[in-house]
Each structure stands twice: as structure tokens, then as C-alpha cells.
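Chains as they are written, first to last, in this note's numbering: chain E, 958 to 1111; chain A, 958 to 1111; chain S, 958 to 1111.
Hints are supplied without guarantee of correctness; some may be wrong.
[Said to hold, decoys possible] Distance condition first, Cα-Cα at most 20 Å in a straight line; then the derived EDC-like pairs of lysine to aspartate or glutamate:
id	chain 1	residue 1	chain 2	residue 2
1	E	LYS1111	S	ASP1014
2	A	LYS1067	A	GLU1078
3	E	LYS1111	E	GLU963
4	E	LYS1085	S	ASP1044
5	S	LYS1085	S	ASP1002
6	A	LYS1085	E	ASP1042
7	E	LYS1085	S	ASP1040
8	S	LYS1067	S	ASP1014
9	S	LYS1085	A	ASP1040
10	A	LYS1111	A	ASP1002
11	A	LYS1111	A	GLU963
12	S	LYS1085	A	ASP991
13	E	LYS1111	E	ASP1074
14	A	LYS1085	A	ASP1074
15	E	LYS1111	E	ASP1004
16	S	LYS1111	S	ASP1014
17	A	LYS1085	E	ASP1013
18	A	LYS1085	A	GLU963
19	S	LYS1111	S	GLU1018
20	S	LYS1067	S	ASP991
21	A	LYS1111	E	ASP991
22	S	LYS1067	S	GLU1078
23	E	LYS1067	E	ASP991
24	S	LYS1085	S	ASP1044
25	S	LYS1085	S	ASP991
26	A	LYS1111	A	ASP991
27	S	LYS1111	A	ASP991
[To be verified] Some chain E residues judged to face chain S by a derived CB distance under 8 Å, without partners named:
id	residue
28	THR964
29	ILE1069
30	VAL1091
Keep in mind the hints are simulated off the structure, nothing from the lab.
Think of the CB as a built atom: it goes at the ideal place given N, C-alpha and C, for glycine as much as any other residue.
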Amino acid sequence: MSGTYETRLAELGVTLPDAPAPAANYVPYVTVGDMVYVSGQISQDADGRINGKLGDDFTVEQGQAAAKSCAINLMAQLKAACDGDLDRLVQVVKLGGFVNCTPDFADHPKVINGASDFIGEVFGNAGKHARAAVGSSSLPLGVAVEIEGIFQIK
Amino acid sequence: MSGTYETRLAELGVTLPDAPAPAANYVPYVTVGDMVYVSGQISQDADGRINGKLGDDFTVEQGQAAAKSCAINLMAQLKAACDGDLDRLVQVVKLGGFVNCTPDFADHPKVINGASDFIGEVFGNAGKHARAAVGSSSLPLGVAVEIEGIFQIK
Amino acid sequence: MSGTYETRLAELGVTLPDAPAPAANYVPYVTVGDMVYVSGQISQDADGRINGKLGDDFTVEQGQAAAKSCAINLMAQLKAACDGDLDRLVQVVKLGGFVNCTPDFADHPKVINGASDFIGEVFGNAGKHARAAVGSSSLPLGVAVEIEGIFQIK
């Protein structure tokens, strides 16, 4: 718990949850060499799933909070992949962000920034990642945001 | 034909088709070192394309069958990438599943389980993969499911 | 400017733009070993963003032109990742193409061919890539196409 990134998380007032269990028959992450592929994490926190549709019943600010929860869940999986030591992170390589939204929605980048900004706050330069953000007409269980990630560790 | 996984496929009553040709100007897989990137495989079998929209004219069970056909097509491509020897598989690393569905559909995980469950049946531990499953408002040629995959081979 | 691929681009009448800045808080590419992960590039050229929805106000031909602009932007990012020397490309590994379209649209492969064909014209065998093409109900800022890419360089 005394690692650099864990300290930073504590400063930001965030406690990582237990790594969420997958919603179905797969594993939360696979490690190949120094690369960790983390399954799509849906927007959920201690209060439960964060459901909504951007452009309809959900504001960009609510979407950003949902995206941040995905980032926290990605970190929880990454920590598990690192046997509990987040400081083994070398680089956040790539995020794939999916926004549950209406056909005329256009602010996907702002929404996924809820994850990217938080990752930058926690990891600094090691958090600078490539990214794609797209719209989905629907997401699993009705969640507002889903984000998958690729990480390099040591 | 006497490989471990081929035997398992035969026990499950599945014969891999010839690796489907891409629907357009690209290749079905690219190998980099020990990693194989397989192009998105659409739901189709010996009877032709499996078209439909979940939440509209397609049940979850039909969606699962479509997803299983994608998994079989991924295996056919993987076999080709392994010069015919599926036992060179080390690990199914990551699946990306896209479900053609209506805006209020929420059972994407159950649908893509049609692929994940089958992969687990065939490959066992080597089949434990990371995954993302999302909704698409439409998919190529009207198919119900499209799944891309990353595999580690030896 | 005298590299093989730059010469080919010039023959095709294409000048790579400066690598487009990301639309939000992330970086345009991350390099891990010999792999370059390029962020999703939206359809835009010197005249600005290429916005539209396939199946509604946009023809397949317009979509192909939008996809080609994404390919050009991917190349611009790749060139930056190669410190200006495109000839360091070993292989275009994988493209992920997202088409902004209506729920009944089915010609995603033809649209993304606008990128794949151009990449083939420029890079030849090194341009033969795996690919997934799917429909999105909406894309960032209303663009018609977004494409992400993975490249192997030396």
C-alpha cells in the first residue's frame, strides 16, 4: 500500500475496489510477456452500475464520472495483474472507450476524458496513452461507458 | 488432424471450415512474433450468413449461436496462421465482440458467451481470454455478431 | 522526403499533413518495442472534418473518401512515430474501423476499403493488414469514419 501510485490514489481520495469479476465467461485480464490486456470494464462503483445514455438521460458530466469509474476498475485489474504492486506499471498503452449514446451525440472525447484525465493524474507520464473513443447504440447491462485497456508492466 | 484440439473439436461435433476469405481488401490475420491478430469474423456457417438484430428479430439464443459461428471462424483462421496445427496455440489473449442490436438491448455478455463458452470447451485453460463486448447499431452485411481476436502461438 | 513510401505518396498526389493533434487528453501514439499503437484518427483533411452518417446523408463513395482521410492521418502519425522516416514500417498489423451509420446500413466493408485500398497502394505487401469494421450509431464530433491502427516498425 506504500507504492508511489497507491499514495497518489490516496491523495486523490480514491480507494481501488477489489478487481471486479467479469460479467460472463472470460477472465479480467491476460498477460503476455510484459503486456497486460484488460477486459472491457463497465461503469460501476461501490453504489452499483452506472447506467445511462448520453444525449438522452445522461449529461456529459455524468458520462465523465462513469468513465472515471471505468478507469478505476481498469486500475484495480491492473493491480491484480501486477500481484498487488501498481508501481510495476511501465506505460498505459491504449484505451478503447465505448460511450452508450444517441445517434446525434458528438461529445465522446469529453466523456472518455473522464478516464484519461484521471489516469494522467495518477500515473503522470506513464499514463500517457493512445486512445479510441466511439459511440455504441447500447452497452452491456445498460451501462453508460465501457473501456478496455492495454498496459505495459515490468 | 490428430492434434489435441482437433480431437476435442471432433468430440464436440465441429469441423472447422476453410478459413473464410475477407469481405474486402485486407488479410484474415497478421502474425507478429508469437502474436496473431485475426480480422473481425462475421457470423456465418455452412448455410451462409447469420443475419439479425438482437432485441428486434433475434433472440439471445440465436445470438449465441451466431457468436459460436464467429468463434469457429476465428479458430479456422488461427489454424491457418498455425500452418494447420492448432496445438501451436499458447493462449487466446483477447476477443472483441460486437453485437448488432437495438438501443435498449442489454444482454451483450450473454450473446458473446456463445463464443467464449465454446472457446473454453475446446481450449481449456489456454482458452481463458480477456474480452470486450459492445453493441453496434449495425454490422457488415447485416450479420448479427462480429468478433475479432488476438492469439499467442508457439 | 526521399524515402520509398514518401515517393509513392507523392506519385499518388498525397502530401501527409502534420500529424493531427488528439481531440482530447491523450497522445496520438504509443510505441512499445517495435509496435506502434496509433489513436483513433477521425475523418478530416485540409478542408476540415468530414462529417456525415452513412445510410442517411452520406454515400458509400463519400464514406470511402472519409476512410481514406483517416488512413492519411494514420500515416502522418506513423511517420511521427518513426521520427519522420516512413520506411521504418515493417507491417501494418491491424486496423479497427468504425463507420457512423444508420441501423440498417450494411456496406461497412466497402467504406473501410477506402482506407485499406489506399494503404495497399502506398505500402504494398507491408500494407497487408488484419481488420475489423463495425457500425457506430455516432462518432466523435459527428465525423463519418474513425480508424485506429497497430503497426510494426524497425
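Evaluation of the provided hints:
1. Simply put, LYS1111 (chain E) and ASP1014 (chain S) have alpha-carbon atoms about 49 Å apart, too far for the 20 Å limit, and the pair is violated.
2. For the proposed pair LYS1067 (chain A) and GLU1078 (chain A), the alpha carbon gap of about 16 Å is at most 20 Å, so the pair holds.
3. Of the pairs offered as hints, the one joining LYS1111 (chain E) and GLU963 (chain E) holds, with about 17 Å between alpha carbons and a cut-off of 20 Å not exceeded.
4. The suggested pairing of LYS1085 (chain E) with ASP1044 (chain S) is violated, with an alpha-carbon distance near 26 Å, which exceeds 20 Å.
5. Using a Cα cut-off of 20 Å, the hinted pair LYS1085 (chain S) and ASP1002 (chain S) is violated, with the two alpha carbons roughly 24 Å apart.
6. At most 20 Å may separate the alpha-carbon atoms for a hinted pair to count; LYS1085 (chain A) and ASP1042 (chain E) exceed this at roughly 23 Å.
7. At roughly 18 Å between alpha-carbon atoms, LYS1085 (chain E) and ASP1040 (chain S) fall within 20 Å of each other, so this suggested pair holds.
8. As the CA atoms of LYS1067 (chain S) and ASP1014 (chain S) are separated by approximately 17 Å, the hinted pair is consistent with the 20 Å bound.
9. This hinted pair checks out: LYS1085 (chain S) and ASP1040 (chain A) have alpha carbons roughly 18 Å apart, not beyond 20 Å.
10. Using a Cα cut-off of 20 Å, the hinted pair LYS1111 (chain A) and ASP1002 (chain A) is violated, with the two alpha carbons roughly 28 Å apart.
11. At most 20 Å may separate the alpha-carbon atoms for a hinted pair to count; LYS1111 (chain A) and GLU963 (chain A) meet this at roughly 17 Å.
12. With a CA separation close to 18 Å, the supplied pair LYS1085 (chain S) and ASP991 (chain A) stays within the 20 Å bound.
13. Straight-line distance between C-alpha atoms of LYS1111 (chain E) and ASP1074 (chain E) comes to about 23 Å, which puts the hinted pair past the 20 Å bound.
14. Taken as a hint, the LYS1085 (chain A) and ASP1074 (chain A) pair is honoured in the structure, with Cα atoms around 10 Å apart against an allowance of 20 Å.
15. Taking the CA atoms of LYS1111 (chain E) and ASP1004 (chain E), the gap is near 33 Å; set against the 20 Å cutoff, the hint is violated.
16. Among the hinted pairs, LYS1111 (chain S) with ASP1014 (chain S) is inconsistent with the structure: their alpha-carbon atoms are about 42 Å apart, more than 20 Å.
17. This hinted pair does not check out: LYS1085 (chain A) and ASP1013 (chain E) have alpha carbons roughly 37 Å apart, beyond 20 Å.
18. Only pairs whose Cα atoms come within 20 Å are accepted, and LYS1085 (chain A) paired with GLU963 (chain A) is accepted, the gap being roughly 18 Å.
19. Straight-line distance between C-alpha atoms of LYS1111 (chain S) and GLU1018 (chain S) comes to about 35 Å, which puts the hinted pair past the 20 Å bound.
20. A threshold of 20 Å between alpha carbons decides the hint, and for LYS1067 (chain S) with ASP991 (chain S) the separation of about 30 Å lies outside it, so the pair is violated.
21. With a C-alpha separation of about 17 Å, the suggested pair LYS1111 (chain A) and ASP991 (chain E) falls inside the 20 Å cut-off, and the hint holds.
22. For a cut-off of 20 Å, the pair hint linking LYS1067 (chain S) to GLU1078 (chain S) stands: about 16 Å separates their Cα positions.
23. Simply put, LYS1067 (chain E) and ASP991 (chain E) have alpha-carbon atoms about 30 Å apart, too far for the 20 Å limit, and the pair is violated.
24. Distance restraint check for LYS1085 (chain S) and ASP1044 (chain S): the Cα-Cα separation of roughly 15 Å lies within the 20 Å cut-off, and the hinted pair is therefore satisfied.
25. The hinted pair formed by LYS1085 (chain S) and ASP991 (chain S) meets the criterion: a straight-line CA distance of about 17 Å does not exceed 20 Å.
26. With a C-alpha separation of about 6 Å, the suggested pairing of LYS1111 (chain A) with ASP991 (chain A) holds against the 20 Å cut-off.
27. For the proposed pair LYS1111 (chain S) and ASP991 (chain A), the alpha carbon gap of about 17 Å is at most 20 Å, so the pair holds.
28. For THR964 (chain E), the shortest C-beta to C-beta distance to chain S is roughly 22 Å, which exceeds 8 Å, and the interface hint is violated.
29. The beta carbon of ILE1069 (chain E) comes within 7 Å of a beta carbon in chain S, closer than 8 Å, and the hint placing it at the interface holds.
30. Interface hint at VAL1091 (chain E): satisfied, since its Cβ lies 5 Å from the closest Cβ of chain S, which is below the 8 Å cut-off.
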